[in-house]
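Next come the chains, spelled out residue by residue.
2 protein chains.
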Amino acid sequence: MATVRLQATSIDGTVTTPRGFRAAGVHCGIKADRPDLALVVSEGVASAAGTFTQNRMRSAPVIQSEAKLRSGRAQAVLINSGNANACTGVQGFADAQAMAESAAAALRISADLVLVASTGVIGRPLPVDRLAAGIPAVVGALGSDGMAAAKAIMTTDAFPKTAAARVDLGDGVATIGGMAKGAGMIHPNMATMIAVITTDAAVEPALLRGALRTAVAQTFNCISVDGDTSTSDSVFLLANGAAGCAPIASEDERYAAFVAGLTDVAGRLARMIVQDGEGTTRVIEVAVRGARSDADARLAGQAVMTSLLVKTAFHGAELNWGRISAALGRSGADVDPEKVAIGIGDVWVVRDGVGLPENYAKAEPLLRASQVRVTIGLGLGTGVFTGWTCDLGETYVRINSGYLT
Amino acid sequence: MATVRLQATSIDGTVTTPRGFRAAGVHCGIKADRPDLALVVSEGVASAAGTFTQNRMRSAPVIQSEAKLRSGRAQAVLINSGNANACTGVQGFADAQAMAESAAAALRISADLVLVASTGVIGRPLPVDRLAAGIPAVVGALGSDGMAAAKAIMTTDAFPKTAAARVDLGDGVATIGGMAKGAGMIHPNMATMIAVITTDAAVEPALLRGALRTAVAQTFNCISVDGDTSTSDSVFLLANGAAGCAPIASEDERYAAFVAGLTDVAGRLARMIVQDGEGTTRVIEVAVRGARSDADARLAGQAVMTSLLVKTAFHGAELNWGRISAALGRSGADVDPEKVAIGIGDVWVVRDGVGLPENYAKAEPLLRASQVRVTIGLGLGTGVFTGWTCDLGETYVRINSGYLT
Numbered sequence: 013m014a015t016v017r018l019q020a021t022s023i024d025g026t027v028t029t030p031r032g033f034r035a036a037g038v039h040c041g042i043k044a045d046r047p048d049l050a051l052v053v054s055e056g057v058a059s060a061a062g063t064f065t066q067n068r069m070r071s072a073p074v075i076q077s078e079a080k081l082r083s084g085r086a087q088a089v090l091i092n093s094g095n096a097n098a099c100t101g102v103q104g105f106a107d108a109q110a111m112a113e114s115a116a117a118a119l120r121i122s123a124d125l126v127l128v129a130s131t132g133v134i135g136r137p138l139p140v141d142r143l144a145a146g147i148p149a150v151v152g153a154l155g156s157d158g159m160a161a162a163k164a165i166m167t168t169d170a171f172p173k174t175a176a177a178r179v180d181l182g183d184g185v186a187t188i189g190g191m192a193k194g195a196g197m198i199h200p201n202m203a204t205m206i207a208v209i210t211t212d213a214a215v216e217p218a219l220l221r222g223a224l225r226t227a228v229a230q231t232f233n234c235i236s237v238d239g240d241t242s243t244s245d246s247v248f249l250l251a252n253g254a255a256g257c258a259p260i261a262s263e264d265e266r267y268a269a270f271v272a273g274l275t276d277v278a279g280r281l282a283r284m285i286v287q288d289g290e291g292t293t294r295v296i297e298v299a300v301r302g303a304r305s306d307a308d309a310r311l312a313g314q315a316v317m318t319s320l321l322v323k324t325a326f327h328g329a330e331l332n333w334g335r336i337s338a339a340l341g342r343s344g345a346d347v348d349p350e351k352v353a354i355g356i357g358d359v360w361v362v363r364d365g366v367g368l369p370e371n372y373a374k375a376e377p378l379l380r381a382s383q384v385r386v387t388i389g390l391g392l393g394t395g396v397f398t399g400w401t402c403d404l405g406e407t408y409v410r411i412n413s414g415y416l417t
Numbered sequence: 013m014a015t016v017r018l019q020a021t022s023i024d025g026t027v028t029t030p031r032g033f034r035a036a037g038v039h040c041g042i043k044a045d046r047p048d049l050a051l052v053v054s055e056g057v058a059s060a061a062g063t064f065t066q067n068r069m070r071s072a073p074v075i076q077s078e079a080k081l082r083s084g085r086a087q088a089v090l091i092n093s094g095n096a097n098a099c100t101g102v103q104g105f106a107d108a109q110a111m112a113e114s115a116a117a118a119l120r121i122s123a124d125l126v127l128v129a130s131t132g133v134i135g136r137p138l139p140v141d142r143l144a145a146g147i148p149a150v151v152g153a154l155g156s157d158g159m160a161a162a163k164a165i166m167t168t169d170a171f172p173k174t175a176a177a178r179v180d181l182g183d184g185v186a187t188i189g190g191m192a193k194g195a196g197m198i199h200p201n202m203a204t205m206i207a208v209i210t211t212d213a214a215v216e217p218a219l220l221r222g223a224l225r226t227a228v229a230q231t232f233n234c235i236s237v238d239g240d241t242s243t244s245d246s247v248f249l250l251a252n253g254a255a256g257c258a259p260i261a262s263e264d265e266r267y268a269a270f271v272a273g274l275t276d277v278a279g280r281l282a283r284m285i286v287q288d289g290e291g292t293t294r295v296i297e298v299a300v301r302g303a304r305s306d307a308d309a310r311l312a313g314q315a316v317m318t319s320l321l322v323k324t325a326f327h328g329a330e331l332n333w334g335r336i337s338a339a340l341g342r343s344g345a346d347v348d349p350e351k352v353a354i355g356i357g358d359v360w361v362v363r364d365g366v367g368l369p370e371n372y373a374k375a376e377p378l379l380r381a382s383q384v385r386v387t388i389g390l391g392l393g394t395g396v397f398t399g400w401t402c403d404l405g406e407t408y409v410r411i412n413s414g415y416l417t
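Chains A and B, in that order, are what the protein sequence lines are.
FYI, in the numbering used here the residues of the first sequence are 13 to 417.
FYI, in the numbering used here the residues of the second sequence are 13 to 417.
These are calculated hints, taken from the structure and not from any lab test.
Only a predicted model underlies this, so the values are computations on that prediction, with no experimental measurement involved.
Be careful, since some hints might not be right.
Copies of one chain are not kept apart here, so a pair can be met inside one copy or by any two copies together.
[Unchecked claim] In silico SDA-like cross-links for lysine to any residue, where the CA-CA straight-line distance does not exceed 25 angstroms:
1) K43 to E376
2) K351 to A79
3) K80 to L119
4) K351 to I75
Hey, can you work out the whole structure from these sequences and the hints?
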């Protein structure tokens, strides 16, 4: 057997970069003047998996798509932006089903193979007539340009988010492509925002689920914009086998290579979401080391990542490490105040729990960069966690205090 | 025995309203140009109790004052603002002790009877020389004006916070007076910010502790400004018996009357802290009813109170109830999406989990008031919780992204 290169290769690309996928994005009138309807279609029935929000107030499309994915098969994903179809009661379920059925009719496939997702304002009825009227246009526009679909799923996003990777599977090269949207209600304790990832690898549904779970745990579930978990979070993964490689049917080296590629694509999309967090000016990577356990490391990291005081200090590029210490102290993780170390980039500013003023001048310029790396040493064990968050500025408040208007 | 009126009477007042207490506030030079040193002294040794932050990174003064309070006795509380003496290592403990000793020497009492607290920036050495130099001034200024002390403990607070109450104990009337400071790093999962409450009632130390715990659980521990728990939170309660009433020595009606008065004072101080939250324009009361348990009601209420998206929507006076639903859904409390009801003031905007658009126009003007009451019905049991939070505006971000400068 040929040697498998476990390292996937990052490339530019979209959901249509893998063979056998078409996509489109159009304006159907849910939003005033921006694209609001996206469709991704596989040329044949694909293996499919999804992960969904852990919020108890799950939207109708989340509940419906999760049920459909029990079959492990799907052929299309239809997504609208501008309305989340969440907290919409019985009508919401009927609307989500109508949405799937109109796409299925136009595509001449079964509605059971059409996954749906909706993103936007919560608690308003989905304008299902406008959406249905847009179906012929979006089906007619299907083609190899995946960027139009990535633009149509944006809400407050400032830029479309796409990424791709190539993976050598020994008997051929498979491609993985993805798109995602942010940009608010983003918090790691979930199964995350809306993303669609396609691949022309052939993967058995059960393995596809495991691969997605593994990739999401290290990527989308390690980011936070504002600590609020959405009611609509959905990640879809479709594998159509069009690359012609043999199916991945066990957790072997080929599976590991596929997971590496999937994690690369998901990780780049996740970091783009943080980079485009509402009002963000910089991305903060928070790496926790030396925790009592990985679970403790995640608690500690998330407390820092979601602290308003930490995020506003980063906005001001201020070296207010006391706020990081305070967040660690309330995180619920085991913390020994006399063992804490905090570094900015390669500069330690806290050791044994107290400041190192002689290093402050070296650390301060690093805080003004667009990417800031914070390392937290707890000195208690081998637990680790790495997550990504953003600063919080006046713009976040402005966007979210006038969201409806 | 005389009938005890359990209802306490709210009055205006400060820590010097109860008999036998003097206080002062002066400028000692920790802050550039504002009062930064406060002292409260009882004429004799008082029963004393305290509650302190649950943050693992407890400041040196917190650790020291808690240890002193094991005796159940104290005579003075010395507080500086401008520097929290937190995350300051061994030097921090020495500085906190030096602080207590200089006040004790000037007052000619034991340092064991002097409680200390510090509030301000974390992680910088306490300028203990300046503080010691200010001791003669603050002792010399001791008098019946409690407002000067309330001003000297302010950090980003916009106004001093004081409250008092009278309680009929059957054999006489006792008075309770208090002061508190906010205004950031305020979050309910704690034993809270800095407050000093005095009373001329006579109360055994063990009962005083119980009374304080009861009052704090319903007041300071039910507020949130920004979800960040401080390293310095301290509430001190001194009871000197100067009213001349018989000691409260068991959990009888007189104890209940005292707890009612204490809860009144603590509750008014707590709501003042929210009203003065950094950048606040309105106070939001969140009342959860019908939860599976009181613990569940608290989880649900706190998720709503700390949601950035909920707080920014209230800032914009927008009826974006979907964000309240989303926060309930991720709260960890048991929630049935089809049973949720949400009211603004007396107007229901959600019933059975879906919006009541016919009521929106009635609710919207209520959102523009300085006090907004939100009622959440979960329809699952008898658990209740009431808490207070504030909106979040650009000003909060401005204050906290330029805190050090």
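Taking the hints in turn, this is what the structure says about them:
1. In the homo-oligomer, the alpha carbons of K43 and E376 lie at most 25 angstroms apart only across protomers (23 angstroms), although the nearest pairing inside one protomer, at 43 angstroms, exceeds that limit.
2. In this assembly of identical chains, K351 and A79 lie within 25 angstroms of each other by CA distance solely across copies; the values are 22 angstroms between and 48 angstroms within a copy.
3. For a Cα distance limit of 25 angstroms, the shortest separation of K80 from L119 inside one copy, 17 angstroms, qualifies, whereas the shortest one across copies, 76 angstroms, does not.
4. In this assembly of identical chains, the alpha carbons of K351 and I75 lie at most 25 angstroms apart only when taken from different copies (17 angstroms versus 45 angstroms within one copy).
Comparing the model with each earlier hint shows no violations; every hint is respected.
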